[in-house]
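From just these sequences and the hints, can you work out the full model?
Mapping of the sequence shown onto the working numbering: residues 259 to 649, in sequence order.
Because the hints were derived from the structure by calculation, they are not lab data.
Note that the Cβ used here is the ideal one computed from N, Cα and C, for glycine as well.
It cannot be assumed that every hint is accurate.
To be verified - The following label-pair restraints were derived from C-beta to C-beta distances:
id: 1; residue 1: F522; residue 2: G570; range: 18 to 28 angstroms
id: 2; residue 1: R484; residue 2: T615; range: 45 to 55 angstroms
id: 3; residue 1: R331; residue 2: M578; range: 20 to 30 angstroms
id: 4; residue 1: P315; residue 2: T411; range: 17 to 27 angstroms
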Amino acid sequence: MTALAVTRATVARAFRDRTALFFMVLLPVAIIVVIGVTVSGFDQFRVGLVPASRSGPVAEELVTGIEEAPGLRTRTYGTVTDARTALRRAELDAVVVVPDGLDAGVRDGRAVTVAVLVEPSGSAGHAAVSSVSAVVAEHAARLQAARFAAEETAGDFDETLALARGTERAASPIAVRTQTVNGQSDYLPLGYSYSTPTMLVLFVFINALAGGAAIVQTRRTGVYARALAAPVSARTLVLGETVAYLLLALLQSLLIVAVGALAFDVAWGDPLAAGVLVAVWALVGTGAGVLAGAVFRTPEQVNAVGPALGIGLGMLGGCMWPLALVPDWLRSAGHAVPHAWAVDAWTTLLSRDGDLTSILRDLAVLAGFATVLIALATVLLRRRLTAASGT
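This is the structure in structure tokens:
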């Protein structure tokens, strides 16, 4: 029996285990969807729109402008009462009420007020007012230009408004572009670009730990002892199991990467850097899984402690929330586990357009974790096997 035969047998056993496949394939994807949907839209304000009951082209254009504003997620309500109720229930950040006399007031040259309702204690509502005000100001500038042209030429307001719209579309006004010099984001992008890489880090490690139960079960059933009775060394068995766990970790990682890219349009950053990071993290998971198989005495212990330990380390390492939000002492404690370094590396790649050189420090730390875990797992598992066989 060679190490390759051990690897093949372990991988085949994993694919026959429906529970293992559920935790390897279905559960990570489900959690990615849930968290991705939950954290999506944090950079947008929820605005309720109450159109005018007697709406004209000017009011309709204002409503369209608010609906198409990139920072606003709008929902239309039939009455102000319904919109107020949604606002009180915290379903909205603000409510925009388009007045009935908007078109008539603009044509008469009167000032018209667009009411924006917010909750007094809601900070998001006051920020939403700024976004709505920007849309209204742009709309008002167009109306003011049309009114000025109509007064100067004694022309029709609708004609000058159409001229103002056409001129606005044809002209190339000066654009303001905001750029942060040497800016660095400490957060992963929102939505699926947040949930997918963090769940890759979390579940590759958890499934590797839980997979250690298979090594414990194989030890208890005497399969290793019978193999060692043949001309097979403990080193060969350990190598075969280690390679099998590495292949399973890589397969799960590639599955999550593919699902993220194809189903959720996640951009994984620099391909070379992302590939190296996935491979190094798979080594970390491999070391943890084989070590679990060497340390625990029963599969039940692995199944009880492994997932809980993996989730706890994931929480400490920033898989559930950004470490930039926690106190400094907790952030430092989080970097005592490899998860934090992996999340930092993904943040560099996805939020800062980093490349391989920009995550070398993170990769070096992760490689150190992997080396220690694999070395310790190899020594302990070989001792377990040789002690069980009496050699």
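Evaluation of the provided hints:
Separated by about 27 angstroms at the C-beta atoms, F522 and G570 satisfy the suggested range of 18 to 28 angstroms. Judged by the Cβ atoms, the range 45 to 55 angstroms given for R484 and T615 holds: they are separated by roughly 49 angstroms. A hinted range of 20 to 30 angstroms for the beta carbons of R331 and M578 is consistent with their spacing of about 25 angstroms. The supplied range of 17 to 27 angstroms is met by P315 and T411, whose beta-carbon atoms lie about 20 angstroms from each other.
In this structure, every one of the numbered hints holds.
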